[in-house]
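Asker: These protein sequences, in sequence, are chains R, X and A. Taking the working numbering, the leading residue of the first sequence gets 23, the next gets one more, and so forth. Taking the working numbering, the leading residue of the second sequence gets 23, the next gets one more, and so forth. Taking the working numbering, the leading residue of the third sequence gets 23, the next gets one more, and so forth.
It should be emphasised that the hints constitute simulated quantities derived from the structure, not laboratory data. Incorrect hints may have been included.
Pairs involving identical chains hold if they fit within one copy or between any two copies, as the list cannot separate such chains.
Unchecked claim - Taking lysine-lysine pairs in the BS3-like style, the calculated list, with each CA pair at most 25 Å apart, reads:
no. : residue 1 : residue 2
1   : Lys350    : Lys407
2   : Lys407    : Lys220
3   : Lys220    : Lys299
4   : Lys421    : Lys299
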Amino acid sequence: MDKVTELSYALDTFYFLMSGALVMWMAAGFAMLEAGLVRSKNTAEILTKNVALFAIACIMYMLMGYGIMYPGDAAVNSWWPGLNGILSKTDNDVAAVLAGGEGAPYYSTLSDFFFQVVFVATAMSIVSGAVAERMKLWSFLLFAIFMTGFIYPMQGYWKWGGGFLDGLGFNDFAGSGVVHLCGASAALAGVLLLGARKGKYGANGQVNAIPGANMPLATLGTFILWLGWFGFNGGSELKISDVGEANAVALVFVNTNMAAAGGVVAALLTARMLFGKGDLTMALNGALAGLVAITAEPLAPSPLWATLVGAIGGTIVVFSIITLDKLKIDDPVGAISVHGMVGMWGLLAVPLSNSEASFTAQLIGLGTILAWTLIASLIVWMIIKAVVGLRVSEEDEYKGVDLAECGVEAYPEFVGSRGGG
Amino acid sequence: MDKVTELSYALDTFYFLMSGALVMWMAAGFAMLEAGLVRSKNTAEILTKNVALFAIACIMYMLMGYGIMYPGDAAVNSWWPGLNGILSKTDNDVAAVLAGGEGAPYYSTLSDFFFQVVFVATAMSIVSGAVAERMKLWSFLLFAIFMTGFIYPMQGYWKWGGGFLDGLGFNDFAGSGVVHLCGASAALAGVLLLGARKGKYGANGQVNAIPGANMPLATLGTFILWLGWFGFNGGSELKISDVGEANAVALVFVNTNMAAAGGVVAALLTARMLFGKGDLTMALNGALAGLVAITAEPLAPSPLWATLVGAIGGTIVVFSIITLDKLKIDDPVGAISVHGMVGMWGLLAVPLSNSEASFTAQLIGLGTILAWTLIASLIVWMIIKAVVGLRVSEEDEYKGVDLAECGVEAYPEFVGSRGGG
Amino acid sequence: MDKVTELSYALDTFYFLMSGALVMWMAAGFAMLEAGLVRSKNTAEILTKNVALFAIACIMYMLMGYGIMYPGDAAVNSWWPGLNGILSKTDNDVAAVLAGGEGAPYYSTLSDFFFQVVFVATAMSIVSGAVAERMKLWSFLLFAIFMTGFIYPMQGYWKWGGGFLDGLGFNDFAGSGVVHLCGASAALAGVLLLGARKGKYGANGQVNAIPGANMPLATLGTFILWLGWFGFNGGSELKISDVGEANAVALVFVNTNMAAAGGVVAALLTARMLFGKGDLTMALNGALAGLVAITAEPLAPSPLWATLVGAIGGTIVVFSIITLDKLKIDDPVGAISVHGMVGMWGLLAVPLSNSEASFTAQLIGLGTILAWTLIASLIVWMIIKAVVGLRVSEEDEYKGVDLAECGVEAYPEFVGSRGGG
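Given these sequences and hints, build the entire structure.
Answerer: The structure is reproduced here in structure tokens:
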């Protein structure tokens, strides 16, 4: 039977690694989505931010974050001064695996690190879109250090590391709260301090649409995220190696897909009712909203119920984008609506399908994540604002942050004569 | 041994889910391919169509299609009025799996649904390219409902659900016929009713080339489809958990890859002979033709034979594109040639390598799929034409369907001054 | 226990196939990276090259290369005249697998072929970027035939096929030398014979920057390569089916990711010190440099050490790009720096973490691969130059190789008025 146990360990590890690879791919999805939704003059900078934040997230989570979030893990060294640990290359012992029993490891700890680290990057990617087109590159990257090394791991520990939210019965399967609401809250804090882009809101209260420069990129980004989400939610079952678990992972895949589909159709129909057209941007936001909505509980619903959860998410996101603009909260890519507003809907939808969940616990979890991330982020953003500043000069914003911050143009040969100025 | 059986079930389920994820990714491939091959003024609309048709395919197949195509499956509820069933979250029982024997389930039914549903979307994606640049968005989406909920599942049942084509000995491993010819036939029906784009065919019989706006996107789409096809064909072996099956899946991967390679080289050389240049569009169509050609039988040929099957496909596609233009059948992306003409070649090539297949059965299968899909599609397209119309106004076509149908431009900052008007 | 052995075989085969699919995806990464870094007038040609070289690599490796590199493999037929063999569809026997013991096959040979063939294509992809914007399409494809059918497999045999470099104790886990340095050496040979692009180097020694036309594409390409590298390095462990191997694969994934992260941060900071900006191109090259650097030994280092190996790679690449320009070696995409200079660093870094490796053996391996590939490639390039020529005419170079070589424009509707001429 030892060989069977080893094989089972190998399968679960492989499943973690493939899931992690899919989630890593979401970094490309956010990069393409955001690059498609900003103007061409700000595209190189947002690409730089997306590549760099992913790198920073990996390094900070290795140095501090993983130790904070999962202090008891096999691969965490305890020599790091004052904190819980840095990642080592030590993994589970064969003997411990073969011993079996309740607490025996059944997959590689490092495969778990790999899966977790790409989640951190996801949370941070949410921020980059919301503060696009006006924030200093280096201030953003400075924030990324604190967010991925401390703010995210702390609240992650409360739920997934076995902290108090977990004890309270708060349910968040793959992170509608821990990842998406957390990212959106940090983004909101940044946007509040940063202010809107020049020209977005007119003196008389009118809202000026600033269309993204490259819709195929935005669509590609959405498809990448949709694909990556199978790893995000599917991997969060954490095990696949028996009949019950394999069935569960399959149901999670199906429900994740159906929620996205529901989100697309609902957002498209809502936009048609409101604007009379088949608005592509709303269809894309609808897909992402469906995915965010189902993330808190993709295992309890039937496929039809999952479609509805996604459809409600797809409806919410359209109204949320309109509402945030009325409040002059300027979020160029709709990240706060998609990940924050719909993340909350996802958390509150859990008790509708999962009888073991309670609205009270969901509200406490929601409130805790929102309050912690918003306040901690505000503090960090304020310190950065005081020390190095958050916003580029008005002239740099007019010319585009690409030249000012990166010294590189995204499309140097293509003239932007309609709206690019 | 129970643990071994469970592990085997988990591995086959995981293999289905990964294969399905790769096929889902093909939706992004079609979106990018088609967005690259149309003009910039029609790009946002084709992106909207691709996202929306995927969502519609998932919903309709969940509500009706899967029940029609696989009426006996564990996850099919039988309460849906008048039809076979809607997808439930019920999956295989552990006891049934462990009982073993001939008919015992060896992978999750929901993982099978996930794998199947992305095939439906593939068939529907084929249609969107052929009718591009002139069809109304909502008419197209209306057709998608009927195609994915009924037309495709019906003929899918005849072959893969155990219907009469299967009984006749018709061979179609992964769907050169059931998916690709079916999609192309529905596309042809639409194109026949819709007519050519304005300006495509001159009064004196000359054919005007209308080049696609974004070749990197088209190339990306082709690579995505090439990658996704490993899931499409590789997953269609339906099992990987023993030596013989693992070898079979590996051979399918190798042959799929070699056929695509053969298609590229043949199409490139054919185009060079005809036009004197290394035509990128033909190279891309050659890759896809190779993939379509091998799809009916990727398991019987040797890798060298698979290369030849693909190469013949790559040659056919070049001549088919030229011929369709002579017939004034206007297919902006070459979908009818790639998926229809080469799909037929794929079906007829099966008996050349698989001694258990017969030309007669292949011809009956080919004819049935073509006739059923063409006639059923013609009826649905005609009803839609009568009720809401198929074609945008001449003015909207001139300005581009993006503004008329979506209210969004794909590249709002980039001026199109050569051919975009 | 037979069922367990079969299951283990199936899992390892599936792991090979998934790894191979990820590496195949790198072909799309190189295509997008290179298409983003050249000018719009040369984009269609580089896309054609990338699609065609992948096809040629697959065909030549099937016909000759695999037999040269792995002469003893089960799937190699020995009837090919004068050479070792062509790929057959014969795979391992069930009985041989179940017999077990030291040399018993534990995964499908064809899955190994699939994994290996995409490596060949990777090596060849490195060449296409370095010779971009001035080489004749068909001369390049002619070189690809020799490179993938003979030059690469020969040195691959010396290390991975059990040849003399392997006997000497040369360490190269996944190919910093065998793949990346080899590709870069062939590229260098081509560039030396081809000369720089017109206008790149001024009369007074100044270097003129020629920015790439499409930064989102280049970023997408980098993310694709980053993702694909998990298959490249992760699959090179060659086994995952027990606890020790699963842990090893997980460590390889983590270290691969950390090295890329280290490369990004180091390159970004180095560029900021040198140029004062957050240079996106350097960040992308830094990621790739980190990946190349860790490829020779991703299993021995701790994650922190892997980050440093990548960071040094990311620093080297910036200085190497500057140095090559001083030497007037014109490499439009930086491929020789990323894959050659950093590939050498990767080989020499092995003994720093792996106590079983020696600098002497690493230097011998490095020198052998470099000398063999450079000399063999020079000979082939020179023959091609003599027979059909390497370089397009000055007029074609000015107008762009797209029209001259492919007859297709990459972006026909977008006017390039700044730098595109």
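Asker: So, for every hint listed, does it hold in this structure?
Answerer: For each hint, the structure was consulted:
1. Proximity of lysine 350 and lysine 407 under a CA criterion of 25 Å is satisfied intra-copy only: 20 Å inside one chain copy versus 44 Å between copies.
2. Taking the closest pair of Cα atoms, lysine 407 and lysine 220 come within 25 Å of each other only inside a single copy of the chain (19 Å); across copies the shortest separation is 46 Å, beyond that limit.
3. In this assembly of identical chains, lysine 220 and lysine 299 lie within 25 Å of each other by CA distance solely across copies; the values are 23 Å between and 28 Å within a copy.
4. For a Cα distance limit of 25 Å, the shortest separation of lysine 421 from lysine 299 across copies, 16 Å, qualifies, whereas the shortest one inside one copy, 32 Å, does not.
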